[in-house]
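Protein chains in written order, with this note's numbering: chain B, 6 to 277; chain A, 35 to 256; chain W, 281 to 501.
Take these hints with a grain of salt, some might be off.
[Unchecked claim] EDC-like, lysine to aspartate or glutamate: derived pairs with alpha carbons at most 20 Å apart:
{"#": "1", "chain 1": "B", "residue 1": "K78", "chain 2": "B", "residue 2": "E92"}
{"#": "2", "chain 1": "B", "residue 1": "K267", "chain 2": "B", "residue 2": "E250"}
{"#": "3", "chain 1": "W", "residue 1": "K323", "chain 2": "W", "residue 2": "E339"}
{"#": "4", "chain 1": "B", "residue 1": "K102", "chain 2": "A", "residue 2": "E155"}
{"#": "5", "chain 1": "A", "residue 1": "K151", "chain 2": "B", "residue 2": "E74"}
{"#": "6", "chain 1": "A", "residue 1": "K151", "chain 2": "B", "residue 2": "E195"}
{"#": "7", "chain 1": "B", "residue 1": "K189", "chain 2": "B", "residue 2": "D238"}
{"#": "8", "chain 1": "B", "residue 1": "K111", "chain 2": "B", "residue 2": "D201"}
{"#": "9", "chain 1": "B", "residue 1": "K263", "chain 2": "B", "residue 2": "E74"}
{"#": "10", "chain 1": "B", "residue 1": "K78", "chain 2": "B", "residue 2": "E51"}
{"#": "11", "chain 1": "B", "residue 1": "K189", "chain 2": "A", "residue 2": "E45"}
{"#": "12", "chain 1": "B", "residue 1": "K102", "chain 2": "B", "residue 2": "E144"}
{"#": "13", "chain 1": "B", "residue 1": "K78", "chain 2": "B", "residue 2": "E152"}
{"#": "14", "chain 1": "B", "residue 1": "K111", "chain 2": "A", "residue 2": "E155"}
{"#": "15", "chain 1": "B", "residue 1": "K214", "chain 2": "B", "residue 2": "D164"}
These are calculated hints, taken from the structure and not from any lab test. Keep in mind that this is a model prediction, so the values were computed, not measured.
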Amino acid sequence: MSEDMTQFPLRLEGENAPMVRFMNVSKSYGELTVLDQLNLDVAPGEMMTIIGPSGSGKTTVLRMLMTLETINKGVIYVDGEPLTHMEKNGVLVPANKMHLRRMRAKIGMCFQHFNLFPHMTALQNCMEGPVQVLGLTKESARQRAEELLEMVAMSDKRDHHPSRLSGGQQQRVAIARALAMRPKVMLFDEVTSALDPEVINEVTGVIRKLVGEHHLTMMMVTHQMGFARDISDRVCFFYGGKIEEQGAPADLFGSPKKQRTKQFLSAVKEAV
Amino acid sequence: MTNWRWDFVWEILPRLIWATGNTLLAAGGGYAIALVLGLALAVAQRSRHKLSKNILRELVEFIRSTPLVLQIFFIFYVGPQFGVWLSPWTAGMVAIGLHYAAYLSEVYRGGIDSVPKGQWEAATAINLTTTQTYWRIILPQALPPSLAGMGNYLVGIFKDTPMLSVIGVGELMHTANAIGSESYRFLEPYTLVGVIFLAISLPTAALVRLLEASVRRTLGMS
Amino acid sequence: MTFVEFIITYYPRFLSGTIVTIEQFVLASVLCIFLALLAGLMKLSPRTSVRACATVYIEIFRGTSLLVQLYWIFFVLPLFGITLDKFTAGFVAVGLNVGAYGAELVRGGVLSVPTGQWEAAVSINMSPGKRMSRIILPQALVNMLPAWGNLLIELLKGTALVATIAVADLTFEARQINYSTFMSAQSFGTALIIYYVLARFLLTPLMRRLEKIMARQIGRE
């Protein structure tokens, strides 16, 4: 860890400051390098989609941003502030628990396997964070949760436990639960991968609605290429822990420049 | 039958029933200590600190693989050697509590390990503190799979209370011994103690099974 | 008296106590394993009366305390004309008690063998006795061996109670030494450590070894 920390700014300021910035971020497990010197910016309000073969490190990007994984090198910034580090005597040092907790409030995440709390109803799942973390009163948390469940069309099932909900329903509740924390950045980690084909539209529909009506910064890892093309402002193709190619969806899907991108896209097309 | 005397049974029954109260009290007290201490041991063993984790593991193994009756002696007699006098009741409940805390910590650990990793991650994603994550997310889910083990050890602790008679706690066994040495009759007191144990432990075991099923239902996990 | 002096003075008594404890352990284990197999298999019998006998044994010995059973065997059984000396009463009580727990392990172990194995044994026309002894039990044994490791540690701990009827085992000696020296931490502490060594560094590795050998015997791993 003999990294020169002075190369990293203490804050990102100015009008063009990105909402999320990965700066020279590397991650490895022992010998295996998952991410190699990643540099990536996401602008405020942007919908950025990551695609790529499995093992390319795309999910790791989201998990690092949610602080579920630590990084070995580099710095991640969110909303102008360093996420993985904090300032101490004018230099960046690894973040402590307090800092992580403060920064995590800016980020929400939805998981492939939903990870709803099985001992709580849909409504309680959405109220848990607002009451316990944000310190909202039960009434206002309930009101917020009900509005969000309404938005994801789950109002009628709000008193059901997750075990009585279908996969698509559970994922919609999980989206409401994440939104209830009022994050600035939303992360969607293969949210449709564990779903039966006929319910995928329930979930993608909700995400479409979010893109249309809210000014949220969103990052999504998905295998639904059609959906990614429709909805994204920008698509990144990951390969071997690096960004192989990125661009507007029409360009990347329509006329990919790199050989590996072409191979991946045609392989995916054949599978469908 | 070898001159079983019903009149003697009626004579000693009140004393034995009184002593049953003490037995239940000792079991309850010991169990309360074990429930709390066991949880602390289980959670502490999940700490990231390698050395303290290994020391705790070995301590749990030590407690589990040595006889309770010897631990009772140890706690009761070692205190006075260093100027701390514990009453038989206190020493006995501490010993039983500590012994079963080691067992319960294993039960809790199994329960906690059975909660999927995604639950911890979801708790992090909504920014709960570690304490909140334990109390509100992990432990409620770790409880149902732990209940069977917790119930078995409740019955186990109850059946181990006769060992407290060795340091003079006035529970059932101690009372039966006293009756035996006063009257030179052992048949009735020892047999009655056995019957009382059966009468309590068999229904309790059945009750524990019922409770387990109903907790699973109320938490919506079946 | 330093701890070293204490050990030098009293080690013969700790040693003789340890030997008695090991004797009690071995004899009680033999009885326990025999009873566990017997009652465990009886519990699986198609005949209600056979099952009932096993259930009565298991429930009585699991439903009451070892200490109660020990006192009953030692003090009450003579009234029925069966007098056991304290040494015998000791390991018999421990063996009977732990055997009842072992019976449940045997039953579970047999039930853990897939039904396909029974069917295959029938299909090559094996007699019921052969089916059990040659096909089912060997597999059941491997499945239940880890649980037996724990149970035998419980049995070893159980033998400590024979001290209460004055069998001169390790716990008994520790108590005697404590009475004559009032060095409680040393007396009981030494005994605790000896039990710990017996359980963790002799019995546990032995059982692990046995698990490995048995697994190899039936062609696993």
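Comparing the hints with the structure gives:
1. Simply put, K78 of chain B and E92 of chain B have alpha-carbon atoms about 16 Å apart, close enough for the 20 Å limit, and the pair holds.
2. Of the pairs offered as hints, the one joining K267 of chain B and E250 of chain B holds, with about 10 Å between alpha carbons and a cut-off of 20 Å not exceeded.
3. Straight-line distance between C-alpha atoms of K323 of chain W and E339 of chain W comes to about 12 Å, which keeps the hinted pair within the 20 Å bound.
4. A C-alpha spacing of about 15 Å is found between K102 of chain B and E155 of chain A, which places the hinted pair at or below 20 Å, so the restraint holds.
5. Taking the CA atoms of K151 of chain A and E74 of chain B, the gap is near 13 Å; set against the 20 Å cutoff, the hint holds.
6. The straight-line distance between the Cα atoms of K151 of chain A and E195 of chain B is roughly 17 Å, inside the 20 Å bound, and the hint therefore holds.
7. Between K189 of chain B and D238 of chain B the alpha-carbon distance is near 17 Å, which keeps this suggested pair within the 20 Å criterion.
8. Annotation: proposed proximity of K111 of chain B to D201 of chain B is violated, straight-line Cα distance about 31 Å (limit 20 Å).
9. For the suggested pair K263 of chain B and E74 of chain B, the alpha carbons sit about 30 Å apart, so the restraint of at most 20 Å is broken.
10. For the given pair, K78 of chain B sits about 26 Å from E51 of chain B by alpha-carbon distance, which is inconsistent with the 20 Å threshold.
11. Simply put, K189 of chain B and E45 of chain A have alpha-carbon atoms about 78 Å apart, too far for the 20 Å limit, and the pair is violated.
12. Between the alpha carbons of K102 of chain B and E144 of chain B the distance comes to roughly 30 Å, so the proposed pair goes past 20 Å and is violated.
13. The hinted pair formed by K78 of chain B and E152 of chain B fails the criterion: a straight-line CA distance of about 41 Å is larger than 20 Å.
14. Simply put, K111 of chain B and E155 of chain A have alpha-carbon atoms about 16 Å apart, close enough for the 20 Å limit, and the pair holds.
15. Distance check on the hinted pair: K214 of chain B and D164 of chain B sit about 24 Å apart at the alpha-carbon level, beyond 20 Å; violated.
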